[in-house]
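Chains as they are written, first to last, in my numbering: chain A, 2 to 559; chain B, 74 to 305.
None of these hints come from the bench; they were simulated from the model.
Glycine residues also receive a C-beta, built at the ideal position from the N, C-alpha and C atoms.
Possibly wrong hints are sitting among the right ones.
[Said to hold, decoys possible] Short, incomplete list of chain A residues facing chain B, as computed with Cβ under 7 Å: (1) GLN31; (2) GLY68; (3) VAL147; (4) ASN150; (5) PRO181; (6) VAL192; (7) ILE193; (8) ALA224; (9) TYR302; (10) GLN337.
[Claimed, not checked] Okay, derived cross-link-like pairs now, DSBU-like style, lysine-lysine, Cα gap no bigger than 30 Å in a straight line: (11) B:LYS196 - A:LYS413; (12) B:LYS269 - A:LYS182; (13) B:LYS110 - A:LYS74; (14) B:LYS255 - A:LYS122; (15) B:LYS269 - A:LYS497; (16) B:LYS81 - A:LYS423; (17) B:LYS113 - A:LYS74; (18) A:LYS423 - B:LYS196; (19) B:LYS288 - A:LYS44; (20) B:LYS81 - A:LYS182; (21) B:LYS255 - A:LYS182; (22) B:LYS136 - A:LYS294; (23) B:LYS293 - A:LYS27; (24) A:LYS277 - B:LYS112.
[What the hints assert, rightly or not] Simulated restraints, written as ranges between beta carbons of each label pair: (25) A:THR410 - B:MET284: 35 to 45 Å; (26) B:VAL154 - A:PRO55: 33 to 43 Å; (27) A:TYR53 - B:LYS303: 29 to 39 Å; (28) B:GLY108 - A:ALA274: 27 to 37 Å; (29) A:PHE166 - B:LYS136: 54 to 64 Å; (30) B:LYS269 - A:LYS27: 55 to 65 Å; (31) A:GLN31 - B:GLY261: 24 to 34 Å; (32) A:GLY409 - B:LYS303: 18 to 28 Å.
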Amino acid sequence: MAYPEYMKESIELVHKTRAKRLEIDKIGIQNVLTPLTEEGRKKVLSENHPDYTPDARKQIRIGPNKGEWLTTKVVEILESHSRLPTTFRLDKPDYETDVLVIGGGGAGCQAAIWARLHDAKVIISTKLRMGDANSMMSQGGMQAAVNPNDSPLIHYLDAMGGGHFDNKPALLKILTQEAPKAVKHLEDLGVIWDRIADGNLQTKTGGGTSRRRMLSSRDYTGAEIMRVLRDEVRNHPEDITVLEYFPAIELIKDQEGKIAGAILFHMETGEYAVVKAKTVIITTGGFGRLHIKDFPTTNHYGATMDGLVMAYRAGAKLLHMDSVQFHPTGAVYPPQILGFLITEKIRGFGGQPVNKFGELFVFPLEPRDVEASDYIQECRAGKGIPTPDGHIGIWLDSPIIDLIHGPGTIEKNFPAMVRQYKRFDIDIRKEPMLVYPTLHYQNGGIEINEDTSTSIPGLYAAGECSGGVHGRNRLMGNSVLDYNVFGRIAGISAAKKAKETIIAGNLTIDHIGKYEEELLSARIITPLKTPVLLPEYRNLDLVSRHLDEFDPFLPAGL
Amino acid sequence: MRNELEVKLIPIYILSRKHLVPEGSTIITAMEYAGFKLKKGIGCREGFCGACASLYRLETDFKLHGGLGCQTVVQPNMQIVQIPYTPSPKAIYDLETINPEEEVFTATYPELYRCLSCNTCAKICPQEILVMDYVQAGIKGDLALMADLSFDCIMCGLCAARCPAEITQFNAALLARRLFGKYVNKKGRFLEDRIKQIQDGKFEEGYRELMNLPKEAITKRYFDRELNFKIT
Chain A
2 MAYPEYMKES IELVHKTRAK RLEIDKIGIQ NVLTPLTEEG RKKVLSENHP
52 DYTPDARKQI RIGPNKGEWL TTKVVEILES HSRLPTTFRL DKPDYETDVL
102 VIGGGGAGCQ AAIWARLHDA KVIISTKLRM GDANSMMSQG GMQAAVNPND
152 SPLIHYLDAM GGGHFDNKPA LLKILTQEAP KAVKHLEDLG VIWDRIADGN
202 LQTKTGGGTS RRRMLSSRDY TGAEIMRVLR DEVRNHPEDI TVLEYFPAIE
252 LIKDQEGKIA GAILFHMETG EYAVVKAKTV IITTGGFGRL HIKDFPTTNH
302 YGATMDGLVM AYRAGAKLLH MDSVQFHPTG AVYPPQILGF LITEKIRGFG
352 GQPVNKFGEL FVFPLEPRDV EASDYIQECR AGKGIPTPDG HIGIWLDSPI
402 IDLIHGPGTI EKNFPAMVRQ YKRFDIDIRK EPMLVYPTLH YQNGGIEINE
452 DTSTSIPGLY AAGECSGGVH GRNRLMGNSV LDYNVFGRIA GISAAKKAKE
502 TIIAGNLTID HIGKYEEELL SARIITPLKT PVLLPEYRNL DLVSRHLDEF
552 DPFLPAGL
Chain B
74 MRNELEVKLI PIYILSRKHL VPEGSTIITA MEYAGFKLKK GIGCREGFCG
124 ACASLYRLET DFKLHGGLGC QTVVQPNMQI VQIPYTPSPK AIYDLETINP
174 EEEVFTATYP ELYRCLSCNT CAKICPQEIL VMDYVQAGIK GDLALMADLS
224 FDCIMCGLCA ARCPAEITQF NAALLARRLF GKYVNKKGRF LEDRIKQIQD
274 GKFEEGYREL MNLPKEAITK RYFDRELNFK IT
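Put together the whole structure using the sequences plus the hints.
The structure is reproduced here in structure tokens:
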């Protein structure tokens, strides 16, 4: 699977221009290719970013955000039926707990750890295994202003500008100010951060950061944090019960309208279970596996926006669900790794995006939406490299990293990337990678307040499923930070609230019946039942012959 | 997303049944093509989560091979089975009070000392980790070496499934890394200094000002900001 013959000529040009580009790196790339101005950003975004095409958004006809223009695919998923019948037995809960955490990724584990420390009994419900989440996959790092020439205020300004000034200021203050403490907490749990010789944290640049602020653990940053958090959760089986392959599919309320639990559905046995909980935290992550606008994705198999659907049906307000993050550098070749994340840390170390002539065309560390739009523009201008299966991309010159920082740098700092490509006979220490923007992150989500509470009493949200922290474009390294900072706050808030909560009367799912009525009165006809749970990748010929006898919850229409 | 090119189909065996799947597929995409809706034994699909450990045999040799389903390309007449996880004991410990001494594993994972040095673990590791070497480092009490050698572990469990000495290598390695990260790793002062500044309220006034700037003013402040990629 080495690169096909016809690409060799272009790869030669990348090799040939490298020495000159190395000179540019030495004098500071920002002095040669200056970052775009406000107007420049607006232009490249409006002309190229997938969010700006006419069919990108659609007006939602029902629910708390009724009348707003949201991402088309999001609207399609939200305007759908519940998987449950509206009459349903709730009188005998199978589980009772103080705090129910829905989602077993980074935010969910942090929430559980901190809820327990505030004397709550916790249940984690998760669709696959605990830790099977986007949190596990982040490679590049986590932002925290730790260097003397940096400050939380500069971090705040960088993230605010990157988010197009739509971030909720109070949330962003918490994110940036709590960042160093989050680093310390992870250090205390035993996370091995990359360090420089004097023991201080190694810091690199990321897209849209004006200082070196990216902390990492090789290029397994997410995996390192996630496996430590998961281990810590497992150290407390007496207080934290983990239910794997057992996702929530609807929320439950009490007679006062407070969230009072959820209905779980077992992926293997098909049984349901009722969980009665004093408070509920949603930490279900994002929507990459919905393949918005048919983009490939970097996301985990389970990233199907489930928590958002449940919360919306129960009446939670959403924020910024009109914007989608495309990561500039997804793999487009070889086809087996189409859409895979190529960490931004490659550019943080000096890796350069170049066109088919080996020419630099953009400041490599713009915020993600701007950088991605620039790549799309370059390909539209005929300066991309087509792949045999009909995709197109530009080169990400990785070998230059070893020239900038010395031999062995790539191997030491990017073991996952080296391994990934080596499996397909490509050596990224010697050859560039072919990349194109790929669906990466849900910028918006369930609107949260400073304590992660939502518009429904008893319901909290943290991590990618929440909205407001990142505005309409998240910066690199702020999502790992987000789930660590707000996962912790969610755990504490929900545990404290649980202590003063009395569940009022019988449990109810009346809100599902009301949502069905709304669908009806808006004359929405759809076969779709949600949450989606899993994407559909089976051979469609075979799916057409599928008998549903053992799979009554097969998502129709997907 | 599905390309329209003519693809060559090759035979593979899943649960003993022969299926024709596109050449170049991974085990995961081949199973999906063959009609399997995967609910377990699948995760990130990018080689980071260890959920899709698989065992397979080839007609060209006698070995039982292991690999990640999302990273292993199918070969003709491959026989495949998935190993969603390997049941493994996990020691319960309090990282605050545990003693990061050489003998830490006698209390947590004493089976480590049963290692036969057969290297079966390293041979099956899809991450090409020197598993036996880190087990031996652990036996010698070298937490730093054990942490370093095991760092790229994604905990797929194949080593533990194959180990004739019944060791749960990946869990022992995780403990070693946590102890190394917390107790052994040398720490600099910058982080503590910054946390103290925040606790002392050094940035409160700055936040108040930034958060109250009108949009035009903060936009200007942002686009005028200095880029400075030094550390101090």
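TODO: Would you pick out the hints that fail for this structure and give their numbers low to high?
DONE: 2, 20, 22, 26, 30
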